[in-house]
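Peer 1: Here is what each chain is made of, one letter per residue.
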Amino acid sequence: DGGITQSPKYLFRKEGQNVTLSCEQNLNHDAMYWYRQDPGQGLRLIYYSQIVNDFQKGDIAEGYSVSREKKESFPLTVTSAQKNPTAFYLCASSIAANQPQHFGDGTRLSIL
Amino acid sequence: GEDVEQSLFLSVREGDSSVINCTYTDSSSTYLYWYKQEPGAGLQLLTYIFSNMDMKQDQRLTVLLNKKDKHLSLRIADTQTGDSAIYFCAESMFDTDKLIFGTGTRLQVFP
Numbered sequence: 007d008g009g010i011t012q013s014p015k016y017l018f019r020k021e022g023q024n025v026t027l028s029c030e031q032n033l034n035h036d037a038m039y040w041y042r043q044d045p046g047q048g049l050r051l052i053y054y055s056q057i058v059n060d061f062q063k064g065d066i067a068e069g070y071s072v073s074r075e076k077k078e079s080f081p082l083t084v085t086s087a088q089k090n091p092t093a094f095y096l097c098a099s100s101i102a103a104n105q106p107q108h109f110g111d112g113t114r115l116s117i118l
Numbered sequence: 073g074e075d076v077e078q079s080l081f082l083s084v085r086e087g088d089s090s091v092i093n094c095t096y097t098d099s100s101s102t103y104l105y106w107y108k109q110e111p112g113a114g115l116q117l118l119t120y121i122f123s124n125m126d127m128k129q130d131q132r133l134t135v136l137l138n139k140k141d142k143h144l145s146l147r148i149a150d151t152q153t154g155d156s157a158i159y160f161c162a163e164s165m166f167d168t169d170k171l172i173f174g175t176g177t178r179l180q181v182f183p
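In the order they appear, the protein sequences are chains L and P. Adding 6 to a residue's 1-based position in the first sequence gives its number in our numbering. Adding 72 to a residue's 1-based position in the second sequence gives its number in our numbering.
Treat the hints with caution; some may be incorrect.
[Claimed, not checked] For the chain P half of the interface with chain L, some residues (derived, Cβ under 8 angstroms), not all of them:
1) Gly114
2) Phe122
3) Ser156
4) Phe160
5) Leu171
6) Phe182
I should point out that these hints are in silico values taken from the structure, not numbers from a laboratory. C-beta atoms are modelled at their ideal positions from N, C-alpha and C, and glycine is treated no differently.
Kindly produce the complete structure, drawing on both the sequences and the hints.
Peer 2: Right, here's the structure in full:
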């Protein structure tokens, strides 16, 4: 089945540690996105990539990094510089820029 | 500036129609979307409408767009308990390829 797979479902981070969230899609989509969701709020864009080997900062990129070495993969690293990382992280993809985005099931990140 | 607003909560009886409303501020949006989120899950794309359309119907779902008032609504006919979830509206910006989300409306369906 085609879809977007995020892993792990739950992740715990220790102080000063970097952690990487995985996002893989087999939909042959060009564009991929990372969002952060905090309780009672909408989603906020962290980073997005419209094509392989290229990505742009979203509204809240500080403390995060991404790479896009393969079309199907767009991992997100939450660095120790992100002081408030506890949130639900959602990955999305679309066939091209400005087309409907489809979401994975999310990763919930907590601080130990 | 970009802003999307929704009411926080809606409660309806099973079998009734639900209407979830959304207002947005940016007139340059290209598409407007409705997403559904169940507890602990990602967002499911329900339907979307191009900004030059007034209405779109898809089975039990009807989307109405009033561009003059910058108002979007989602009507769910014959609401079922499985429709209980949080519903997000979002607008897409042509020049930046990003979605601006509302804060979500929690729909509760009671028997």
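Peer 1: Would you mind marking each hint as holding or not holding in the structure?
Peer 2: Right, here's what the structure says about each hint:
Annotation: Gly114 of chain P was flagged as interfacial toward chain L, and the flag holds, the nearest CB pair being 4 angstroms apart, inside 8 angstroms. Interface restraint check for Phe122 of chain P: the shortest CB-CB distance to chain L comes to about 11 angstroms, outside 8 angstroms, so the restraint is violated. Evaluation of the Ser156 of chain P hint against chain L yields a violated restraint, the C-beta minimum of about 17 angstroms exceeding 8 angstroms. Annotation: interface hint on Phe160 of chain P holds; nearest CB of chain L at approximately 6 angstroms, less than 8 angstroms.
The closest approach between the C-beta of Leu171 of chain P and any C-beta of chain L is roughly 6 angstroms, which is under the 8 angstroms cut-off, so the hint is satisfied. The interface hint given for Phe182 of chain P is violated, since its Cβ lies 22 angstroms from the closest Cβ of chain L, which is over the 8 angstroms cut-off.
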